[in-house]
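Engineer: The numbering of the sequence shown is our numbering, which starts it at 258 and goes up by one.
Keep in mind that the hints were calculated from the coordinates and are not lab data. It should be emphasised that the depicted structure is a prediction, and the values quoted were computed from it without experimental measurement. Accuracy of the hints is not assured; some may be wrong.
Here are the computed lysine to aspartate or glutamate pairs in the EDC-like style, where the Cα-Cα straight-line distance is at most 16 Å [claimed, not checked]:
#1 K402 with E290
#2 K364 with D391
#3 K422 with D347
#4 K414 with E376
#5 K402 with D347
#6 K435 with E290
#7 K435 with E404
#8 K374 with D429
#9 K364 with D353
#10 K364 with D347
#11 K332 with E419
#12 K414 with D387
#13 K359 with D327
#14 K332 with D387
#15 K332 with D391
#16 K435 with D387
#17 K374 with D347
#18 K414 with D429
#19 K422 with D300
Have a look at the derived ranges for each label pair, beta carbon to beta carbon [claimed, not checked]:
#20 G389 with D418: 28 to 36 Å
#21 A436 with S415: 35 to 43 Å
#22 I356 with R295: 30 to 38 Å
#23 K359 with R295: 32 to 40 Å
#24 V286 with K332: 37 to 45 Å
#25 P358 with S415: 36 to 44 Å
#26 Q373 with L421: 31 to 39 Å
#27 S415 with K374: 33 to 41 Å
#28 G301 with V432: 25 to 33 Å
#29 S415 with K435: 34 to 42 Å
#30 E308 with K332: 14 to 22 Å
#31 Q378 with D418: 20 to 28 Å
#32 V286 with G389: 12 to 20 Å
#33 L386 with N349: 31 to 39 Å
By construction, the Cβ of each residue, glycine as well, lies at the ideal position given by its N, Cα and C atoms.
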Amino acid sequence: MVPRSNSKFILLTFAALSLLPISIAGAEVFVSEQFGFRYSVPDGFLEQTDENPAVLKDGTSMTVALFAEDVQTNKVLVAICILRLGQIVDSNQRVDLTIIPKQDGIKRSLESRRWQKTELQVIRQEATLDPGIDVIGYVIQFPLKDEAIAVRVQGPKSRSDEVLKAFNMSVDGFVNTKAYVVKMESIGTSNSKQA
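Kindly generate the complete structure, drawing on both the sequences and the hints.
Structural biologist: Written as structure tokens, this is what we have:
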């Protein structure tokens with residue numbers, strides 16, 4: 258579902274989001290006309306500035322929006338990142354965890370979530386950043402018509418119920434405002450079915 262170069266970024270930087278400092282003001286609903294979606298931001302999260310965004314091959318930032326808890330402490334926060342993937346994905350594609358390089362201290366598994374009228378795969382990841390800093394996170398890809406969007410939610414493993422709640426709210430709060438890809442019959446957008 259994600260090209261290897263992007264999947265490596267998504268999985269390797271999974272942990273970095275939870276260490277971001279609090280900054281900018283929050284929003285209740287984030288709307289992206291460019292990518293064709295709106296996102297209901299879970300209560301208690303504020304929009305952030307991504308100081309070190311990863312970039313696509315064309316040099317544009319992958320980060321569409323970044324949110325973190327509204328907590329003024331040095332503790333590890335729950336963070337939500339919305340990323341553009343630079344390509345169209347088919348919701349029927351299946352992730353093969355065996356092609357993702359294994360790393361010490363990182364465990365990955367697959368789950369699924371119902372979105373709209375389709376079942377989407379979710380990568381669940383547990384990782385140790387430093388001794389005593391264990392994180393858990395989830396990534397889901399939304400097969401939007403012009404370009405797929407990934408939503409990643411991550412936070413401390415000690416608060417796994419809160420991380421999972423924020424993830425489930427993120428999936429429920431993600432609404433396409435344009436058609437989305439149901440099935441790609443061949444490479445290219447001209448032969449894709451849309452809903």
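Engineer: If a hint holds in the structure, say so; if it does not, say that too.
Structural biologist: For each hint, the structure was consulted:
Taken as a hint, the K402 and E290 pair is honoured in the structure, with Cα atoms around 13 Å apart against an allowance of 16 Å. A C-alpha spacing of about 11 Å is found between K364 and D391, which places the hinted pair at or below 16 Å, so the restraint holds. In summary, the hint linking K422 to D347 is not supported, as the alpha carbons are separated by about 26 Å, beyond the 16 Å threshold. Of the pairs offered as hints, the one joining K414 and E376 is violated, with about 26 Å between alpha carbons and a cut-off of 16 Å exceeded.
Distance hint between K402 and D347 is fulfilled; the C-alpha atoms sit about 10 Å from each other, no more than 16 Å. For the suggested pair K435 and E290, the alpha carbons sit about 9 Å apart, so the restraint of at most 16 Å is met. Distance check on the hinted pair: K435 and E404 sit about 11 Å apart at the alpha-carbon level, within 16 Å; holds. Between K374 and D429 the CA atoms are separated by roughly 12 Å; this keeps the pair inside 16 Å, and the hint holds.
Between K364 and D353 the CA atoms are separated by roughly 14 Å; this keeps the pair inside 16 Å, and the hint holds. For the given pair, K364 sits about 25 Å from D347 by alpha-carbon distance, which is inconsistent with the 16 Å threshold. With a C-alpha separation of about 14 Å, the suggested pair K332 and E419 falls inside the 16 Å cut-off, and the hint holds. A hinted pair counts as satisfied when its Cα atoms are at most 16 Å apart, and K414 with D387 qualifies at roughly 13 Å.
Distance check on the hinted pair: K359 and D327 sit about 33 Å apart at the alpha-carbon level, beyond 16 Å; violated. Note on K332 and D387: the hinted pairing holds, with a Cα-Cα distance of about 14 Å set against a maximum of 16 Å. For the proposed pair K332 and D391, the alpha carbon gap of about 12 Å is at most 16 Å, so the pair holds. Of the pairs offered as hints, the one joining K435 and D387 is violated, with about 41 Å between alpha carbons and a cut-off of 16 Å exceeded.
At most 16 Å may separate the alpha-carbon atoms for a hinted pair to count; K374 and D347 meet this at roughly 14 Å. A threshold of 16 Å between alpha carbons decides the hint, and for K414 with D429 the separation of about 22 Å lies outside it, so the pair is violated. This hinted pair checks out: K422 and D300 have alpha carbons roughly 11 Å apart, not beyond 16 Å. The beta-carbon spacing between G389 and D418, approximately 20 Å, falls outside the hinted interval of 28 to 36 Å.
Between A436 and S415 the Cβ separation comes to about 40 Å, which falls inside the hinted range of 35 to 43 Å. Taking the beta carbon of each, I356 and R295 are about 33 Å apart, inside 30 to 38 Å as hinted. Distance hint check: the CB atoms of K359 and R295 are about 37 Å apart, consistent with the given range 32 to 40 Å. Under the hint 37 to 45 Å, the C-beta atoms of V286 and K332, about 27 Å apart, miss the expected range.
Roughly 27 Å separates the CB atoms of P358 and S415, a value that falls outside the hinted 36 to 44 Å. A beta carbon spacing of about 21 Å between Q373 and L421 contradicts the range 31 to 39 Å that was offered as a hint. Remark: the range hint 33 to 41 Å for S415 to K374 is upheld by a beta-carbon distance near 36 Å. The given range of 25 to 33 Å is broken by G301 and V432, whose C-beta atoms sit roughly 20 Å from each other.
Taking the beta carbon of each, S415 and K435 are about 39 Å apart, inside 34 to 42 Å as hinted. For the hinted restraint 14 to 22 Å between E308 and K332, the CB-CB distance of approximately 19 Å keeps it satisfied. The supplied range of 20 to 28 Å is met by Q378 and D418, whose beta-carbon atoms lie about 22 Å from each other. Between V286 and G389 the C-beta distance comes to about 36 Å, which lies outside the given range of 12 to 20 Å.
At roughly 34 Å, the beta carbons of L386 and N349 sit within the given window of 31 to 39 Å.
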